[in-house]
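Student: Read off the chains here:
Number of protein chains: 2
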Amino acid sequence: MRIGICAPSTPFTREDAARVTALAFSTYPAAELVFHDQCFAEAGHFAGPDHERCAAFVDMANDSNLDAIWFVRGGYGACRIAQDAVAALRSAAGDKIYMGYSDAGNLLGALYRAKIGRVCHGPMPADIRRADGESAIIRALDWMLHASPQALEQHVQAGTKHAAFNLMTLAMMVGTPLMPDLKGHVLMVEEVSEYLYGYDRAFFHVTSHLQSAGLAGLRLGRVSDVLENDRPFGEGTEEIARRWCVKTGIAYLGRADIGHDADNKIVPFGLATSSAAT
Amino acid sequence: MRIGICAPSTPFTREDAARVTALAFSTYPAAELVFHDQCFAEAGHFAGPDHERCAAFVDMANDSNLDAIWFVRGGYGACRIAQDAVAALRSAAGDKIYMGYSDAGNLLGALYRAKIGRVCHGPMPADIRRADGESAIIRALDWMLHASPQALEQHVQAGTKHAAFNLMTLAMMVGTPLMPDLKGHVLMVEEVSEYLYGYDRAFFHVTSHLQSAGLAGLRLGRVSDVLENDRPFGEGTEEIARRWCVKTGIAYLGRADIGHDADNKIVPFGLATSSAAT
Chain L
128 MRIGICAPST PFTREDAARV TALAFSTYPA AELVFHDQCF AEAGHFAGPD HERCAAFVDM
188 ANDSNLDAIW FVRGGYGACR IAQDAVAALR SAAGDKIYMG YSDAGNLLGA LYRAKIGRVC
248 HGPMPADIRR ADGESAIIRA LDWMLHASPQ ALEQHVQAGT KHAAFNLMTL AMMVGTPLMP
308 DLKGHVLMVE EVSEYLYGYD RAFFHVTSHL QSAGLAGLRL GRVSDVLEND RPFGEGTEEI
368 ARRWCVKTGI AYLGRADIGH DADNKIVPFG LATSSAAT
Chain G
128 MRIGICAPST PFTREDAARV TALAFSTYPA AELVFHDQCF AEAGHFAGPD HERCAAFVDM
188 ANDSNLDAIW FVRGGYGACR IAQDAVAALR SAAGDKIYMG YSDAGNLLGA LYRAKIGRVC
248 HGPMPADIRR ADGESAIIRA LDWMLHASPQ ALEQHVQAGT KHAAFNLMTL AMMVGTPLMP
308 DLKGHVLMVE EVSEYLYGYD RAFFHVTSHL QSAGLAGLRL GRVSDVLEND RPFGEGTEEI
368 ARRWCVKTGI AYLGRADIGH DADNKIVPFG LATSSAAT
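Sequences listed follow chains L and G, in order.
Start counting the first sequence at 128; every next residue gets the next number (the numbering used here).
Start counting the second sequence at 128; every next residue gets the next number (the numbering used here).
Source of the hints: derived by calculation from the structure; they are not laboratory data.
Quantities reported herein were computed from a predicted structural model and do not represent experimental measurements.
Check each hint, because a few of them may be wrong.
[Unchecked claim] Derived DSS-like pairs (lysine-lysine); straight-line CA-CA distance at most 27 Å: (1) K242/L x K288/G; (2) K288/L x K310/L; (3) K310/G x K288/G; (4) K288/L x K374/L; (5) K288/G x K242/G; (6) K374/L x K288/G.
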C-alpha cells in the first residue's frame with residue numbers, strides 16, 4: 128500500500144518524517160510512505176501558500192498510484208483550501224482512504240460531503256511527537272492496511288453511521304460549503320486547548336446549527352488541556368455537552384474514545400461496514 | 128432619562144458601579160442609572176444562572192419607567208439567554224435604547240432581528256476600568272441622552288444602514304436563531320485577544336455565512352491584544368480582512384473606529400437617522 132502524505136495546514140519536519148518512515152518500515156513493511164516535499168514548506172503560519180498546499184493534496188489525491196492520503200498535521204489552514212481542493216478531484220481520488228483529525232477535519236468534511244473516498248478521523252504522522260505516539264501511528268497504519276477492528280473507536284458498529292470532528296473546527300464549518308449532511312449519524316466531537324467558556328460557546332453554535340440535522344446522537348471525546356480562566360466556569364465538560372444536547376433535542380450518547388492524544392481511535396465516516404473489537 | 132443596567136454575561140462590582148454612577152451624576156445629572164442587583168450576582172463564570180440573568184433583562188426591558196437598557200459588561204453568556212429573553216419582551220421594550228458590545232452583541236443581534244428598540248453598539252459601564260475609560264462612559268451617555276453626532280462612529284451617515292459586532296461573537300451567531308438580516312448594511316467588526324489564526328478562521332466562517340447576505344460592505348475596527356503564536360502568521364489584520372472580503376465578494380470599505388478600548392464609538396443598528404460629526 129502506498130500512502131501519500133501532504134500538509135493542508137502547517138509544516139512538518141524531515142527529522143520527524145524520517146522517524147515515522149522508520150517506524151512504518153519496522154512495523155508494516157507493506158506500507159510505503161510517500162511524504163510530499165510540500166510537508167516541509169513554510170509560508171508564515173502555513174506549510175506553503177494556499178495554492179501550494181492545495182496543489183500538493185490534489186496531485187496526490189488524483190494519483191492512481193497512491194492508495195491513501197494521510198494528512199501530516201493539523202494546526203490551521205485546511206479551511207482555506209478544502210473547497211477548491213475537493214472540486215479539483217478526479218476519479219482516482221474516489222478509491223482512497225483519507226485520514227486525519229483536528230484542523231484536517233475541514234478536508235474530511237468536504238470530502239465526505241462530496242462523497243469522495245473513505246474518510247476516516249484518526250491519528251496523523253505528527254502524533255509521533257506525543258508520549259507513546261508510536262502507538263497512534265501504528266493504529267493508523269493498522270487501519271489503513273488491515274482494517275483492524277482493534278483500531279476502531281469502540282462504539283463503531285457495522286450498519287450505523289458516524290462522523291467525528293474537533294469541536295472548534297466543526298463550529299467553524301457548520302453552515303459553510305465544507306459541511307456534510309450528518310443525518311442519521313452519531314457525531315463524535317473532541318476538544319483541546321480552549322477555555323470552558325469558549326467550549327460552551329462552540330457547543331451553543333454547533334448544537335444550534337445541528338438541532339434539525341437529524342443526528343442519531345452525539346458522543347463526547349476527550350476535552351484536554353483546558354485553559355484556566357480567572358474564575359471557575361461552574362460546570363464540567365460532560366455536563367456542558369449534555370446540557371446543550373438536552374436544550375437542542377440532540378440525543379447525548381456518552382463518551383467517545385477520541386481526542387488530541389495517542390489514544391485517539393479511528394472513526395470511519397458514514398455507514399460502518401465492520402464493528403470495533405470488543 | 129432612566130437607564131436600567133443589567134448583566135447578561137458576567138458580573139460587575141458595586142465599587143465600579145458607584146464610580147460609574149458618580150461620573151454620570153457629575154456629567155449628565157439628567158441620567159438616572161438604575162443598577163439591577165443581578166449585576167453583582169455570581170454563579171461560576173456568570174452573573175447568576177441563566178434564568179436569573181434572563182429575568183433581570185426581561186424585567187428591565189419591559190419596565191415602562193426605564194428609557195434605556197445598558198449592558199454592564201461582556202465576557203460570555205448572553206448567547207445562552209438571548210432567544211428566550213427577546214421572546215419574553217412586551218411593548219414597553221420597543222421604546223428603549225439598548226447599548227453594549229462584545230458578548231452583549233448576542234442581545235443586540237437578537238433584538239435587532241426582532242425589530243425591538245433602538246439597538247446600539249457602544250461602550251458599557253465596565254469600560255470605567257480602562258485607561259481613559261471615563262471618556263467611553265461619557266460618550267455612551269452623550270448618545271443616550273442627546274443623540275450627539277460627536278458620539279457616532281465617523282462613517283455613520285443618515286440614510287445608510289449599519290451593524291457592528293465583535294468578530295468572534297458574530298462568528299458564533301451566524302446561522303443561529305439570534306442572527307439578524309444584514310441586507311444592505313455596512314457591517315463593522317472588531318476583535319480582541321485572539322491568535323491571528325483564530326481571527327483568520329473566524330473571518331472564513333463569517334464571510335462564508337454572509338457572502339450571500341447582501342451586505343453593503345464591511346469595515347474593520349481595531350484588532351487589539353493579538354495573542355502571540357509560536358511563529359508569525361505572515362499577514363496583518365487588515366490584509367486578512369481584505370483577502371476574505373475579496374474571496375467572498377464582500378466590499379471592503381476600510382477601517383472603523385470601534386474596538387475593545389475607550390475610543391469605541393457608537394454604531395446605531397439599522398437605518399441611521401443622523402450623521403456623525405465631521
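Student: Each of the hints needs a verdict: does it hold here or not?
Tutor: Status of each hint after checking the structure:
Distance check on the hinted pair: K242/L and K288/G sit about 41 Å apart at the alpha-carbon level, beyond 27 Å; violated. In summary, the hint linking K288/L to K310/L is supported, as the alpha carbons are separated by about 9 Å, within the 27 Å threshold. Proposed proximity of K310/G and K288/G is supported: the alpha carbons are some 9 Å apart, at most 27 Å. Distance check on the hinted pair: K288/L and K374/L sit about 23 Å apart at the alpha-carbon level, within 27 Å; holds.
Annotation: proposed proximity of K288/G to K242/G holds, straight-line Cα distance about 14 Å (limit 27 Å). About 34 Å separates the Cα atoms of K374/L and K288/G, which puts this hinted pair outside 27 Å; it is violated.
Of the numbered hints stated above, those contradicted by the structure are hints 1 and 6, listed in ascending order.
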